[in-house]
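Guided by the hints, dock chain B onto chain A, whose structure is given.
Protein chains: 2
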Amino acid sequence: MKVLKDNKEISSFLKLLRKRASGVSYEIQCTVKNILAEVRKKGDTALNKYTHKFDKHDLPIKIKTSDIAKYAKNADKKVIKALELSAKRIWDFHKKQEEKSWSFKKYGVILGQIIMPLERVGIYVPGGKASYPSTVLMNVIPAQVAGVDEIALCVPTPDGETNPYVMAAIEMLGIKEVYRIGGAQAIGAMAYGTESIKKVDKIVGPGNIYVALAKKMVFGEVDIDMIAGPSEILIIADKTANAAFVAADILSQAEHDELASSILITNSEVLAERVIQELNTQLNGLKRKDIARKSLKKFGAIIKTKDIREAINIANEIAPEHLEIMTENPAHIVKMIKNAGAVFLGQWTPEPLGDYSAGPNHTLPTGGTARFSSPLGVYDFIKRTSLLQFDKKGFMILSDAVEAIANIEGLEAHANTIRIRRGGV
Amino acid sequence: MKVLKDNKEISSFLKLLRKRASGVSYEIQCTVKNILAEVRKKGDTALNKYTHKFDKHDLPIKIKTSDIAKYAKNADKKVIKALELSAKRIWDFHKKQEEKSWSFKKYGVILGQIIMPLERVGIYVPGGKASYPSTVLMNVIPAQVAGVDEIALCVPTPDGETNPYVMAAIEMLGIKEVYRIGGAQAIGAMAYGTESIKKVDKIVGPGNIYVALAKKMVFGEVDIDMIAGPSEILIIADKTANAAFVAADILSQAEHDELASSILITNSEVLAERVIQELNTQLNGLKRKDIARKSLKKFGAIIKTKDIREAINIANEIAPEHLEIMTENPAHIVKMIKNAGAVFLGQWTPEPLGDYSAGPNHTLPTGGTARFSSPLGVYDFIKRTSLLQFDKKGFMILSDAVEAIANIEGLEAHANTIRIRRGGV
Numbered sequence: 000m001k002v003l004k005d006n007k008e009i010s011s012f013l014k015l016l017r018k019r020a021s022g023v024s025y026e027i028q029c030t031v032k033n034i035l036a037e038v039r040k041k042g043d044t045a046l047n048k049y050t051h052k053f054d055k056h057d058l059p060i061k062i063k064t065s066d067i068a069k070y071a072k073n074a075d076k077k078v079i080k081a082l083e084l085s086a087k088r089i090w091d092f093h094k095k096q097e098e099k100s101w102s103f104k105k106y107g108v109i110l111g112q113i114i115m116p117l118e119r120v121g122i123y124v125p126g127g128k129a130s131y132p133s134t135v136l137m138n139v140i141p142a143q144v145a146g147v148d149e150i151a152l153c154v155p156t157p158d159g160e161t162n163p164y165v166m167a168a169i170e171m172l173g174i175k176e177v178y179r180i181g182g183a184q185a186i187g188a189m190a191y192g193t194e195s196i197k198k199v200d201k202i203v204g205p206g207n208i209y210v211a212l213a214k215k216m217v218f219g220e221v222d223i224d225m226i227a228g229p230s231e232i233l234i235i236a237d238k239t240a241n242a243a244f245v246a247a248d249i250l251s252q253a254e255h256d257e258l259a260s261s262i263l264i265t266n267s268e269v270l271a272e273r274v275i276q277e278l279n280t281q282l283n284g285l286k287r288k289d290i291a292r293k294s295l296k297k298f299g300a301i302i303k304t305k306d307i308r309e310a311i312n313i314a315n316e317i318a319p320e321h322l323e324i325m326t327e328n329p330a331h332i333v334k335m336i337k338n339a340g341a342v343f344l345g346q347w348t349p350e351p352l353g354d355y356s357a358g359p360n361h362t363l364p365t366g367g368t369a370r371f372s373s374p375l376g377v378y379d380f381i382k383r384t385s386l387l388q389f390d391k392k393g394f395m396i397l398s399d400a401v402e403a404i405a406n407i408e409g410l411e412a413h414a415n416t417i418r419i420r421r422g423g424v
Numbered sequence: 000m001k002v003l004k005d006n007k008e009i010s011s012f013l014k015l016l017r018k019r020a021s022g023v024s025y026e027i028q029c030t031v032k033n034i035l036a037e038v039r040k041k042g043d044t045a046l047n048k049y050t051h052k053f054d055k056h057d058l059p060i061k062i063k064t065s066d067i068a069k070y071a072k073n074a075d076k077k078v079i080k081a082l083e084l085s086a087k088r089i090w091d092f093h094k095k096q097e098e099k100s101w102s103f104k105k106y107g108v109i110l111g112q113i114i115m116p117l118e119r120v121g122i123y124v125p126g127g128k129a130s131y132p133s134t135v136l137m138n139v140i141p142a143q144v145a146g147v148d149e150i151a152l153c154v155p156t157p158d159g160e161t162n163p164y165v166m167a168a169i170e171m172l173g174i175k176e177v178y179r180i181g182g183a184q185a186i187g188a189m190a191y192g193t194e195s196i197k198k199v200d201k202i203v204g205p206g207n208i209y210v211a212l213a214k215k216m217v218f219g220e221v222d223i224d225m226i227a228g229p230s231e232i233l234i235i236a237d238k239t240a241n242a243a244f245v246a247a248d249i250l251s252q253a254e255h256d257e258l259a260s261s262i263l264i265t266n267s268e269v270l271a272e273r274v275i276q277e278l279n280t281q282l283n284g285l286k287r288k289d290i291a292r293k294s295l296k297k298f299g300a301i302i303k304t305k306d307i308r309e310a311i312n313i314a315n316e317i318a319p320e321h322l323e324i325m326t327e328n329p330a331h332i333v334k335m336i337k338n339a340g341a342v343f344l345g346q347w348t349p350e351p352l353g354d355y356s357a358g359p360n361h362t363l364p365t366g367g368t369a370r371f372s373s374p375l376g377v378y379d380f381i382k383r384t385s386l387l388q389f390d391k392k393g394f395m396i397l398s399d400a401v402e403a404i405a406n407i408e409g410l411e412a413h414a415n416t417i418r419i420r421r422g423g424v
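Protein sequence lines correspond, in order, to chains A and B. Quick note, in numbering that gives the first Met the number 0, the first sequence goes up one by one and the last residue is 424. Quick note, in numbering that gives the first Met the number 0, the second sequence goes up one by one and the last residue is 424.
This is chain A alone, in the form it adopts within the complex (with noise of 0.2 Å):
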């Protein structure tokens, strides 16, 4: 892992982690809006068809509820354990998130704002060696919690093998609407519908590339959650956090994938040291290291800073998705933390008590659109509606104030409507 000390090697790397998911090839592009149209156009026939192909199986599209607890049954009993523990902490953390409808009177005026949960969903839960139960609690409990009435979801079966705890999280949240379609013709089946899925309001969950595509594609159509990039950890750290913990949860991040960015920002050449000689220890028993040594070797550094302020400046600036504060007073650094995605403070808060239970969302913006975007939530699943009601003593209270502006805006018929209502027409 590289070590960064002056601006210009700083500034240099910040840039190359803003481009490094950016650029979709032209082929992707045409395969999937090919892929799109075609679903648009021939419905069914053509998911059979891409299911075939990708896939390699043909069976049905729908997973029936009784297969889903049969596939479930060869889950671990105590990974289920985990996963209801979880589920039921995401359920208690989301349930904070819920806004209530309001409206109030005045003058002879109801003002409000109403709120409803979106009426259908589509949840895209990513299959084959990728497929995570995790996915399936942290994108299904926040529609719950929403009150969304039908939640569809997708997860593709490479070679026709269906992953059983995801079957089991499935399950365990009563999700009864269930396909075994992926790709971008699982999301196009989502947005125009076919004669065996109907048509949703809204696409959420992760992807790979064909997917991440095809929601950008289908948006507007429908709405759709972020497009996440590859996954990112920022860790502010002094000489008092313990260098063996910086070097696993900086691992926990670079075996994701090549593109993964873990980064370290620390004013204690001591402790970026021991970090550097842990990474070494530890990278070499993993399972996946290729992968790990790649993505550290690409988009991991150490950056050294003269205090903890300037730590905090080069943070805000990337915005990361996980930041992790392990310093001496993590609640005191928190407070002037801009753009993150979510913060964990102190050494006993491993970002992956966050990925699966915890409680708070695992689906978090990348790619430093922490600076304008939020986790995934309850508000995700939410639309809003005002509400107005005068009466006529309302009405006359502003009626000037509106025909005065309507016309100096130079429409006529907007101020008619007061005018008539007035008598003045």
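Hint data in this document are derived by calculation from the structure and do not stem from the laboratory. By construction, the Cβ of each residue, glycine as well, lies at the ideal position given by its N, Cα and C atoms. Hints may contain errors.
List time: in silico EDC-like cross-link candidates among lysine to aspartate or glutamate, alpha-carbon distance up to 20 Å [what the hints assert, rightly or not]:
1) A:Lys288 x B:Glu411
2) A:Lys99 x B:Glu97
3) A:Lys392 x B:Glu411
4) A:Lys334 x B:Glu118
5) B:Lys14 x A:Glu220
6) B:Lys104 x A:Glu220
7) B:Lys392 x A:Glu327
8) A:Lys337 x B:Glu149
9) B:Lys76 x A:Asp399
10) A:Lys95 x B:Glu118
11) A:Lys61 x A:Glu160
12) A:Lys76 x B:Glu26
With the Cβ distance kept under 7 Å, some of the chain B side facing chain A (calculated, not the full set) [as the list claims (entries may be wrong)]:
13) Leu285
14) Leu352
15) Gly358
16) Thr384
To be clear about the criterion: a stretch of chain B counts as covered by chain A if any three or more of its residues have a C-beta under 8 Å from a C-beta of chain A, and this derived list gives those stretches [said to hold, decoys possible]:
17) 92–103
18) 110–117
19) 180–187
Showing chain B alone in chain A's frame:
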């Protein structure tokens, strides 16, 4: 205005509605792409070039604060009062949307959600003929309520002419950073930054097709608000409605532009006929009658239903931007509404009240996106960060669960962050 009664007619009209705003010519796409690329590369030089070309002036990019005051002096005092009253109402409504950070502690674990305003926001206000002070109020006030520190505002001044009412609204709200630029070049300047304009985190505000497309293209680099389509009103009315009021409200929407859509859905044949008569009478007096007539012809309709229940179902399917309910008991009807940007209840709540002075935002989801989108609000100018702090006890309670899930997800280094802290590595 056509009268639709049978289901086939109605459903083909709904299809027409959905399509009315789709499709941008390849030429416009290229133009916008080129302008953005040039602004990104050449900064102010490109800005000045395009301002000279499209707005036909060479005035400085920034409008001096003293000049804002000078321009504002030309505004009619009565209108200023109207804007002040509106601003106060808008402020009061949006204050109700404020959200507070929260956290809770349980079993040695602190979890929470930190709410922070966006740091820097760019607001686009159209210039020229469609330059509206209400746009300033409706976009600036929610950002100010959210606590956004830096607000930069762009308003083009075609032929160097500055709208005194727009300047009055800007002065009233204390905005100091104002640029006389417009079009795709203004969006590019806010998204990428130039020598005179610092990059923003989010761009909001309406604009023509060039502005809308530029916003879409810079999305991801910065956040944007919704892409507003042409305006819409849908009125549900029964025999108790005042036909003159209904007609006036329809025309206030139809005068916006030829793509605007105005729909009356009623179970009363008598009302339908009276509204048609009223439309003919009122239309003839209007300055913008040609626009209104074209809009009514193409995207206007009176839909005759058997009962109000059927009217509600069609309204929910259309998911209109503005929904007026003029029936005997509108408060009863509104409970059955699932999708609408804003609802206006009863005969004393014409939609223009909401455009200017009532309080709720006039930036509303169009084109059926009320299925999943909300009015512009304070929530558009904040971001959330999850907060996690575990002590050793809290960590130990979850450690088995996290390790178990990490193991079955095949993420060994994730499990290691747990094992190493337990001393088990």
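Taking the numbered hints from earlier one at a time, note which ones the structure violates and give those numbers from smallest to largest.
-> 3, 6, 10, 12, 19
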